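Participant: Residue numbers (our numbering), protein chains in the order written: chain A, 106 to 296; chain B, -8 to 427.
Do not take every clue at face value.
Estimated spans, in silico, between C-beta atoms of each pair [said to hold, decoys possible]:
no.	chain 1	residue 1	chain 2	residue 2	range
1	A	P180	B	D285	58 to 64 Å
2	B	G395	A	P217	58 to 64 Å
3	A	V170	B	D98	56 to 62 Å
4	B	R274	A	E259	22 to 28 Å
5	B	A219	A	G255	24 to 30 Å
6	A	A293	B	K225	21 to 27 Å
If you are wondering where the hints come from, they were derived from the structure by calculation, not from laboratory data. Computed from a predicted model, the values in this text were never measured in an experiment. Beta carbons are placed, not taken as given, at the ideal position from N, Cα and C, and that holds for glycine.
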Amino acid sequence: MLKARLPLILLMMLVLAACTAPAPRPDEATAPDAAAGGEAAAGQAAEGESVPLGEEAFGPGFDFVNDPKSPLNDPQSPLARRIIHFDFDSDKVRDEYLDLIAQHGQFLAAHPGLRMRLEGHADERGSREYNVALGERRARAVAKLVELQGARPEQIEVVSYGEELPIAFGHDESAWAQNRRVEIVYEAAGK
Amino acid sequence: MALALLLLLAAWTPPAPAILQIEITQGVEGALPIAVLSFLRELKGPLDQYPAEVIRADLHRSGRFSPEQGAAPLRLDADEMSRLLRTWKARKVDYLLVGALRELAPDRYRVEFRLFDTLRGEQLLGRSTVVRAADLRSVAHRISDAIYQQLLGVPGAFDTRVAYVVVKGRGKARRYELQVADADGHNPRTVYRSAQPIMSPAWSPDSRRLAYVSFEGGRPAVWMQDLASGERRKLSARPGINGAPAWSPDGKRLALTLSQDGNPELYLLELASGRLTRLTRNRAIDTEPAWSPDGKALYFTSDRSGSPQIYRLELSGGSPRRITWEGRYNASADPGPRDEQLALVHQVGSDFRIAVLDRRQGLLRVLTDGRLDESPSLSPNGAMIIYATEERGRGVLAAVSSDGRVRQVLRLQEGEVREPAWSGYLQKRPDNRIVR
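All chains, full assembly: derive it from the sequences and hints.
Facilitator: Have a look at this one:
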């Protein structure tokens, strides 16, 4: 009885140790796959197996959206950056965001079980319905770049809120610049 | 100067704050002087509303009248009328309104009024009607409408309503309410409430229903709601934008914006059959359809020229014609009851203001001086434009006469107010008796 239990207790201790181990240093977590692989490997080290990258690294049914171990929830991962800003009355994606959007595109393409909701927003100036149209054009511009990385169009949903959901409440250019944006929201498929 | 001040003090001032408090910020010179006397009262108990106060507030708010108050007549007979006419003529007040309010039975009141020209000593109007206490405000608004029509030759729009969106709270606590109030801000009622944005209320031509956009469930859909029953019906929830509903003047169709084909385009939705017809076809934004009063054309906003401008599309066919040429940004057109005058949002420097485009003369007149003015909506008589503006960082409603001479602010005690939509005329009730 005792003999049988011992390895189990050891295993549990190992898992606990892995869970409370310090988070990876920033330089270890620059690429999403490295961060994801590192965490998953730590969690499953007791089994002494190598862990493949990609969907399988997290096991079937892994909750990318809510699980704290998901690279989407790792503040060190570029995938944690999910807001793209735009110029006034423009839907042109600025060069500074191209890499970030490409990384999101690769991640979505690598995880067919995930869906991405692109929420387009505008600043408060001008007409509200025109701003809904503008927000949608911004979200679609991002959607195109995501699809270029091999994500399927069915994985992507575009919704525009126009100027209805500001994140900054001032009435000046700094607030407006924050509000002209597309937010990337990941969802589990079937939602 | 002293005289002007005295006149100003003598002029009637608004009563205690309503929910939507109205403050006239700019009035008209040469407003018509009219004495609106307290009504002769034969009542068994007190009432919440008395017609004279409501009528004075209406006339004052229009900017076209400078109402004065006076004691109720002792009787409504010829002698008393002659005495009052002499009194007010001597005070150089050109018009005189007298009335009576009699309780006939529990919750049944006879309202009677007469309008006189004091210079000529003539009765211009005289009517009576029987109503319940709850309809007294509405009857008073109709008396204001009758005075306005008689003296200015244009129907009044006092017995009408305004729909608007109120936003309370911030972040997760943010709540959206669709409200309907009388055009003077009284009697506000919340007709729909949501934690998700509500947008673009549009009245049916009979003023009994509203179409609007609701983001409930995280996606936009166009809904129709019957105001009397509260019954709601989802009209459009297609992929992408479902927005900018606008009722055709015959009430049978809805123009709206959909992006189901990848780009915001105008569509017509036949309400009875649900049949959908696509109206525009290009890679630009096309949105904010507004019907011409005859129902034969739509005005809309498009950025096909590179920046938003107003276009007119004949429903009989042909390509849309651009009608705004001044400035980089023109949007949200409302033609109101007269096709030749369009209210719109116009960018001036870095500010957005309300302007009126006179289509015959091709003249654009900027009427407001705000930074973020939007959502203009014309009263059904075309005399006033209600719009959204900001005051000390808060969204409020304001109204300006379409000639730009009168301006007023409508403040709500709590929350931000936006997207006002002025109703059409309310359905005519069984009409009043002429009295002499």
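Participant: Run through the hints listed earlier and report the numbers of any the structure violates, in increasing order.
Facilitator: Per hint list: single violation, 5.
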